[in-house]
Amino acid sequence: MREITYTEAAREALAEQMAVDPSIFVVGEGIGERGGNFNTTLGLYEKYGPMRLRDTPIVERGFVGLCAGAAMTGSRPVVDFMFIDFILDSMGELLNQISKIQYMSSGRIKMPIVLRGCIGIGGAAATHHSGSYYPLFVHIPGFRVATPSNPYDAKGLLKTALTGDDPVLFLEHKLLLNRRGPVPEAEYALPFGQAAVIREGSDATVVALAVMAPKVLDVCDELAKDRLDIEVIDPRTLAPLDMATILESVGKTGRLLIADETFGPCGIGAEISAQVMEQGFDDLDAPIARLNGVHTPTPYSPSLESAIIPDNAAIEKAIRDLVAE
Amino acid sequence: MAIEIVMPKLGWTMEEGILDEWIKRDGDEVQPGDIIFVVESDKALQEIEAFDSGILRISPDAPPVGSTVKIGETLAYLVEPGEAPPFDSPKADEVQLTAHSSASALPAAAPKPLARQRVKGRRGRGPAISPRARRVARELDVNWAIITGSGASGRIIERDIRAAAELAAAAHTEINISPVARRVAQEAGIDPAELEARFPGARITRADVEKAAAEHGTDAAPERQPLSRIRQLTRDRMIQSARTAVPVTLTTEVDATELQQLRRSLSADGGEIVPSYNDLMLKVVAAALTEQPMLNASIEADELLLHSAINIGLAVDTERGLLVPVIREADRLSLLEVAALSADVVERARAGKIAAEDLQGGTFTITNLGMYDIDAFTPIINLPQCAILGVGRIVPRQIVVDAEAQRLAIRQMMTLSLTFDHRVVDGAPAARFLQRVKQYVETPYLWLVN
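Taken in sequence, the protein lines are chains D and E.
Positions 1 to 325 (this note's numbering) are the ones given, in order, by the first sequence.
Positions 1001 to 1450 (this note's numbering) are the ones given, in order, by the second sequence.
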């Protein structure tokens, strides 16, 4: 199978859907002629022009509100925030209108809007360009949240995002963008709410989010040399969250670690942990463990930056400690 | 303010120590520099000095002498004269408990420890157990209250329950044995399960037991002794060496006549210190190591560490087990300095008085079995060192000294066994090293001039 990068895979999904659905348009800063800060729209401006690839001034609340109206009246806006940190300036529109309008209209009004941007820590981008924020959106009813960890998932999940009726946060970790992976040329889409068991094992379960998925896989390959047989699950979407797959795995292994680069408090690990406690308590052979980045604004200094994210050694220690519990 | 006295960390690898002896007693006055107690760790006894002054107070609940104590754990306190030690002030729980039990003396607004007590009570009810283990125990009908957990914190986990269930199943299997046979087997100290394995299927009779007993002979159960700390460490290090190093042993026969002559001359001179053969070999090896630094190296991850200091360990057999005191920078010491130092550490090693640092930091080891009439052997490398030299006995042999003239002579011969770690160094440099050692033994003037 051909191998393409994560960004190419996501761009392919967008291009394919723009070709078949004329109601799709993209707004954002530098997504027109420039092709997007992260090349998310590279080459599309030449094809579809400024009506469908519309550069905006730096007014997130304004253009998000505009897109909300467009979505309500039958279009499919894609808001490309570049760094997802910038979405924070449009929280009023997001939380009060975009997430609620389908409920408020008894389903008569749809909200097919895709909110995409880069998440995560890396490349000394400092604290205004290093956020992940997905727990905020998972907390609010009405949003779908996708965190693909590889090119195949990126394309398949964006396809689903661009064909559904709900507001979707499509979050691309910046350290994954240039990673290559197999992507079939044939048409496919990945349903939301289906986790992937990306490695099978019996000694412990690790739920690995976004960039942690490839890191955890690397560590597990090393641990396999010591006969530690770890199962790794990538939830792929955090809302909806596929708890059934996680619970089934914990039923097998009895041990669970949630590896998530972003902050621990009130995070996805806390949520998964609570649900396993509620639904799988009698399967647990050890306390559930979490591995998170340090709860702090992201430092600019590269050495400090790398010190606040769990590296492979930290992942290995967390898994070994969990198995030894 | 009371000052805590804790189990000190006396070496990088130390995790716990044995409280060997209190030198000061409860109530004694202590000055900085006074020896307070003695700790046994990593094969050595170490006297621990006070850093502060005060009155030593040892709690009745403190770890008893002879017990193994984790580093950092409190052993005692130093308090000001007249100050009560922390363990004298009753703990909050105890106050509440007392108040509770003497209802008549209970003040109206007594604290309500109910919630806390419930938590404590729940903890106190039995060992901690994981939910999964509890579920499996229910399924397999195992009484987990009597099981010891193998989880990191002593928690009972699933595998403990499954092991207990298997054990119970094995124990419950009826063995088909006649009552008389069972009694005879018991008297002879033979496990009926063993008989069952020998005579599967059939009912075990008295004749079977007697037959088995006859074969057993006087084969009573072995005496069981707990491994000493030194034995445990030796076991662990030997296993580690066997699993990690890639040992190759080279042996060579050397003519030690000159070396023997050197020692005799020094002895005849009536000097206060006469170097032993070990001291001579230590200098020989140190001199050869300065020329072959690869044999003084070790591997750490993907790096080779070439040690600048030549620190030679000397394997010493003691009542407490094998100890390897280290002579530091042996290449920079004179022969007599080496002799004086080694006499001191060997004596302290044998007396169990050696300090932990005297056993650390070796970069090469010498082991001598010559006194037991051993010639060649394959010593185990003392990781992370690269090599170890086994020294054999010195014995007179008839050898060819001049093949052309067909001349024989009786010379004092010695066999050397060099075991090296092929991960660190290849065969040729190791052989060159051993060859140099041979030259230095045969011609001691070569290194004595330095």
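Don't take each hint at face value.
Once the Cα atoms are required to be at most 30 Å apart in a straight line, the calculated DSBU-like pairs of lysine-lysine come out as [what the hints assert, rightly or not]: (1) E:Lys1070 with E:Lys1024; (2) E:Lys1438 with E:Lys1070; (3) E:Lys1024 with E:Lys1353; (4) D:Lys47 with D:Lys174; (5) E:Lys1353 with D:Lys317; (6) E:Lys1024 with D:Lys317.
Simulated from the structure, these hints should not be mistaken for lab results.
Hints not upheld, ascending by number: 2, 5 and 6
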